[in-house]
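Use the sequences and the hints to build the structure in full.
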Amino acid sequence: MDTLKYILKRILQTIPLLIIVSVVSFFIIRLSPVDPLAELKLNPSISPETVEKERARLGLDKPIIVQYGKWAISFVKGDLGVTSTGEKVSSKLAERIPNTLLLTSIVILLTWLVGVPLGILAAVRWKTPFDRIMTVVTSIGMAIPSFFFAVLLLMFAVRTGWFPIGGLTSAGYADMNIFGKFWDITHHLILPVFVLFTISLAGLQRQMRANMLDVLDSDYVKFARAKGLSENVVIYKHALRNAVNPMITLLGFEFAGLLSGAALTEYVFQYPGLGRLILEAVMKSDINLVMASLMMGAVMLILGNLIADILLIITDPRIRTGA
Amino acid sequence: MFREVIIQLWKDKFARAALIVLGIIYLALFFADFIAPYTKDFSDRTMAYVPPSKVFTIDENGKFSKPYTYNYVREFDQNSLEIKYKFDRSKKHYIKFFSKGQPYKFLGLIPMKRHLFTTDEGGRMFLLGTDINGRDVFSRLLFGGRISMTIGFLALLVLFPIGLLYGGISGYFGGKVDMLMMRFAESIMAIPSFYLLIILASVLPSGMTSTQRFLLIVIILALIGWAGFARVVRGMVLSIKNEDYVQSAKSIGASDLRIIIKHILPQTTSFVIVAMTLSVPSYILSESGLSFLGLGIQQPDASWGNMLKEAQEFTNILYRPWLLTPGFLIFVSVLAFNLIGDTIRDVLDPKSKVR
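Going down the list, the protein sequences come from chains V and G. The first sequence begins at 1 in this note's numbering and counts up one residue at a time. The second sequence begins at 1 in this note's numbering and counts up one residue at a time.
Note that these hints are calculated values from the structure, not bench results. Please note that the accuracy of each hint is not assured.
SDA-like, lysine to any residue: derived pairs with alpha carbons at most 20 Å apart [unchecked claim]:
| id | chain 1 | residue 1 | chain 2 | residue 2 |
| --- | --- | --- | --- | --- |
| 1 | V | Lys127 | G | Lys11 |
| 2 | G | Lys86 | G | Phe97 |
| 3 | G | Lys176 | V | Glu280 |
| 4 | G | Lys250 | G | Leu165 |
| 5 | G | Lys250 | G | Phe271 |
| 6 | V | Lys284 | V | Ser91 |
| 7 | V | Lys9 | G | Lys176 |
| 8 | V | Lys127 | G | Asp346 |
| 9 | V | Lys9 | G | Met179 |
| 10 | G | Lys309 | V | Phe156 |
| 11 | G | Lys13 | V | Thr128 |
| 12 | V | Lys127 | G | Lys13 |
| 13 | V | Lys284 | G | Leu204 |
| 14 | V | Lys284 | G | Gln312 |
| 15 | G | Lys309 | V | Val158 |
| 16 | V | Lys284 | G | Lys176 |
| 17 | G | Lys309 | V | Gly166 |
| 18 | G | Lys54 | G | Gln78 |
| 19 | V | Lys284 | G | Lys11 |
| 20 | V | Lys284 | G | Asp346 |
| 21 | V | Lys62 | V | Tyr6 |
So, in structure tokens, the structure goes:
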């Protein structure tokens, strides 16, 4: 019951946050000297009526506060306007967001599966050659610019022909059977996942190692050792549980970092995700699209943090009791 | 404290190597005008995408000779329809050291002509080849580095005072002020930082001078980072403000702002130093990412990021690998900053064992 109350409270807290985010991004975009309808007007395939409808929807002739109100109301209703090519923004987003979520969730899953054990190992074998090598490897992983790494991998893909260059699906995707489709997507995902994986693995491994070292140094671990428990029980039963908790908080941050990192990677690999959508929208100054994808990015980030917090409430009883 | 940090840095093998590497890079950037054989704006349109010049020290008779190089000539292969570059072996161009070349102003002030190395009249010396406009990649690396390697520091100089003051005020006053200020900071943090970065950059009007653009990008980078920093400062201030000496400063009637600036914020110094060294690399990476997309530093100015923009084309990646050199420099300098940052953290915060 307590847990539920906490989760509910945490969910309610995100609402004011979302409102402020929308105000901030709305004003940033309105700061720009670009006429939000310029692209629409230039596109000959869009009728003047559509442009008029957009003008009325955005309330461009009214003061900025009213404009924001109008925008917010239509956003809540789910009407995000049209892109400069005349498509519906909402359908465009619905097409891209799953792709970004697919990419980031695979990366998070992989980094956790690999990074946490590596972090534990490095902490347990503190100051051994293994630990030193891991430190060097993670330093390299943290230093390589994601887009540069992506470019290098593309070069590799072009040279060897082992991997498709960019996109998410091949040309004949629609005709494939279910296994063919699955393999095709996997094949396209390998390189972008590898880039993001390498980059986020470094941070995760280091954090896990640091947490584990902290915990291994604490009194109750010393006590567990002193009463003669085997090293395995001490590490995996006593120390690990407490060392993993801070990692859950990190999950939210990792998700945030990935959304940003993914934008450049998506761009280089021509991956049809939210990051590339927003980049293209920014370059074409497609205001409706920019605004909507900015909000969606923020919503995804806030949801990521929310999920991390809820997980933490479930796993760590100290938070529930309000200590 | 400062002395101890330096000594510890020098003791650590990795950190020492990193210090030396960064030292060399910054020295080279400082003397960029002198080291670079060409000026920033030099371009030879007939020499687009020329591969790196080869330096010969043994001549065709197998004897040692003064170092010399051959110019490249462009040839069009009718069969394979490719443009090829071949040595023009008819004329040797000797490399001259400390001799007069293109005029420049050292650090923008002192007019000079001497370069570290140039070739004799008519020769072209492209150590790392040229780009699409026939500009010397080596020279541009040096000039671009000046921007890439300083922009992070400048952004930090803008960001830290803002973050410190914001976090300080929020933590010190607490209550409603704290809640409002923190909700605002959190909402900035809730926008994926790279999304915010590209949007801010795209809002910049076109037609600015390169200095204006540089400064605005510094400010944009700072706008992204302050919120997270302010949050951490606030957390520290919350625990510091209940210390006895803060209470006593209050009781003798010091003003709130004075207490925050003079008594509370100095306590966060070691955290600030650690956070600063650890965040320089991320600003270098942000700037290069932004310029890579064409939203940061604009042509004809060079930065490592916008030089890499050419690496977006497959033909360039495959046949002109010298265009990738800025990426390696970014990698090396970020690695060096990270190593130094880690060591400084170990020294100032012995509890952390992240390394």
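* Asked: Which numbered hints are broken by the structure, listed smallest first?
  -> 2, 3, 5, 16, 18, 19, 20 and 21
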